[in-house]
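Chains as they are written, first to last, in the numbering used here: chain A, 1 to 232; chain B, 1 to 85; chain C, 1 to 223.
What the hints contain is simulated information worked out from the structure, not anything from laboratory work.
C-beta: ideal position from N, C-alpha, C; glycine also.
Treat each hint with caution, since some may be false.
Computed from the model, here is a short list of chain A residues facing chain B with C-beta under 8 Å [as the list claims (entries may be wrong)]:
(1) Ser26
(2) Asp29
(3) Glu49
(4) Trp192
(5) Leu212
(6) Val219
Below, computed lysine to aspartate or glutamate pairings styled on EDC-like, alpha-carbon distance capped at 20 Å [said to hold, decoys possible]:
(7) Lys218(A) / Glu13(B)
(8) Lys218(A) / Asp23(B)
(9) Lys60(B) / Asp193(A)
The following label-pair restraints were derived from C-beta to C-beta distances [said to hold, decoys possible]:
(10) Ala149(A) / Gly193(C): 19 to 29 Å
(11) Arg94(C) / Ala149(A): 33 to 43 Å
(12) Glu164(A) / Gly24(B): 54 to 64 Å
(13) Ala149(A) / Ser29(B): 45 to 55 Å
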Amino acid sequence: MPAAVSSGGPYDVPEGAQGGALAMLSAEDRALVERLRSGDERTFLAMVEKNHRAMVRVALGHVSSEAVAEEVVQEAWIGILQGLDKFEGRCPLRAWMFRILVNCAKLRGSREARSVPFSALESENEEGEKRPAESFRPPDDPRWPGHWAQGPERWVDERLADSEALLRIRAEIEKLPPNQRQVITLRDIDDWDSSEVCEALQISESNQRVLLHRARTKVRQALAGWAAEVEP
Amino acid sequence: MSKVRPQELACKELVELLTEFLDGALEESVRTQVEQHLVWCPGCTEYLRQFRATIGATRKLAEEDLPQRVRENLLHAFRHWRHGS
Amino acid sequence: MPFDTGDTGASETMLAWKFLERGRVAPFGGHVWPAPGTGAPGPWIQPPGGEVFACRLSDLPWWVNAELWEVELEGPIRMLPTQIAGRRGRLVRRVNGWDDVALRAYGVACAERARDLAVSLFLREGRTADADALRQTRSPLELHRVAQELATDATTPGTATAGYVGASAYRAAEGAGAAAARHAADAAMAADGTPGVLEREIEWQSRWIVERAGLGVATVAAV
């Protein structure tokens, strides 16, 4: 089967693999594509709603503000719709959608000057914020090299049920480098599985895990001091 | 590694493996080492508990409402695409 | 300790043991195992995409936890270095001889074994007063304090061991039997760097658990 004629631009995403039209898609994906092609607005809006937060966050990885990210998401949807008639289903629908999104975001990001350096995204340490004193013993310790010297202080279970926990998590995620932010959002907020994330972001499994681990480690640490405190 | 057990995982190494551990992506012998370490180490057991709790709490940051204006823009775009205008 | 690896072959069942956290919770943040009924095993559990693990008697020290259960695994059974694995498993009965009291006693026994080792080392090094100080401790907490004082550095077998004795005793005082046992084995290895020391300690620990929990009488997979 010849490759689709390419017109170039961000909406042109090679699908790879061979196969008959839509034959390789899951039944669920096939149904979605067919409903969209038939003009089913309900299905379209449901997809938009379900993916909105994730798409904004992925776009945010490449542009400077949430407002611009939202614009990019809308542009990407136009591209997705325009590409939908030619979509042959050689890769999962969402992966294809997100690749279009990433292309749009990169294009937009490279056009605008990134006026927000990373350091400006970091908020100041709150006054009196308790920093966890966790540490490991050094490699030359006579008995316990690499073991906990000061172990993690036990968390008070109820603290994480507090709505403030969510604010702190969100704030920490916003401070993450974009690629870590993307991965933790898709995996831990939107509950995508590992292979879906790799497909959408075009990264390897191991790379994805490294990014996810770094992100989670930072979020945990950000919670650590606060979560160990009992309310006065 | 501890001084007497150089081939075993130290806490500092273990905490770096936890995402793979939770994903079931560790090779069996390494996963067994992680589990055997957790049997006796209260620091790493608490750390894993916190790691899991963090992930659980993060999950609650799920979908926010789609802004109305975005909804309208996209619906308009959808109709334009399907029916031309 | 020699072990067989590889499959036992076609579907079969095997009785073995399994440590669980309090409340029949699978260790390392797992699900709750359904309890057996009166006089009947619990339902078969097949973890999604996974296996059920259990212990032969020789494996027990690696997995010590709050509750000990007799379990049945369904094969093919894989033999691994420190556990066995089956496709699915079910709880048969709780080993009542293993409870918090037993767990604590286990930890104390391990710490005392390590203490006795350190005593003999100090005697060998001509440090009679230090050996006596250790021997005369009346509780795990006191043993911890004395051992820590002697664990100035790790330059002699005595001082190297004393640090692990101190850690073992601390955990024993907390009732953390598995950790106390672990550090007691560390103490033995600090005293003697030759191969086979760890295996010997694991064997001792296994025998202690088997005897205390009353496992020897059951007709199940041998050590």
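Hint check:
no.	hint	result
1	Ser26	22 Å, violated
2	Asp29	18 Å, violated
3	Glu49	5 Å, holds
4	Trp192	12 Å, violated
5	Leu212	5 Å, holds
6	Val219	5 Å, holds
7	Lys218(A) / Glu13(B)	16 Å, holds
8	Lys218(A) / Asp23(B)	18 Å, holds
9	Lys60(B) / Asp193(A)	17 Å, holds
10	Ala149(A) / Gly193(C): 19 to 29 Å	25 Å, holds
11	Arg94(C) / Ala149(A): 33 to 43 Å	38 Å, holds
12	Glu164(A) / Gly24(B): 54 to 64 Å	32 Å, violated
13	Ala149(A) / Ser29(B): 45 to 55 Å	28 Å, violated
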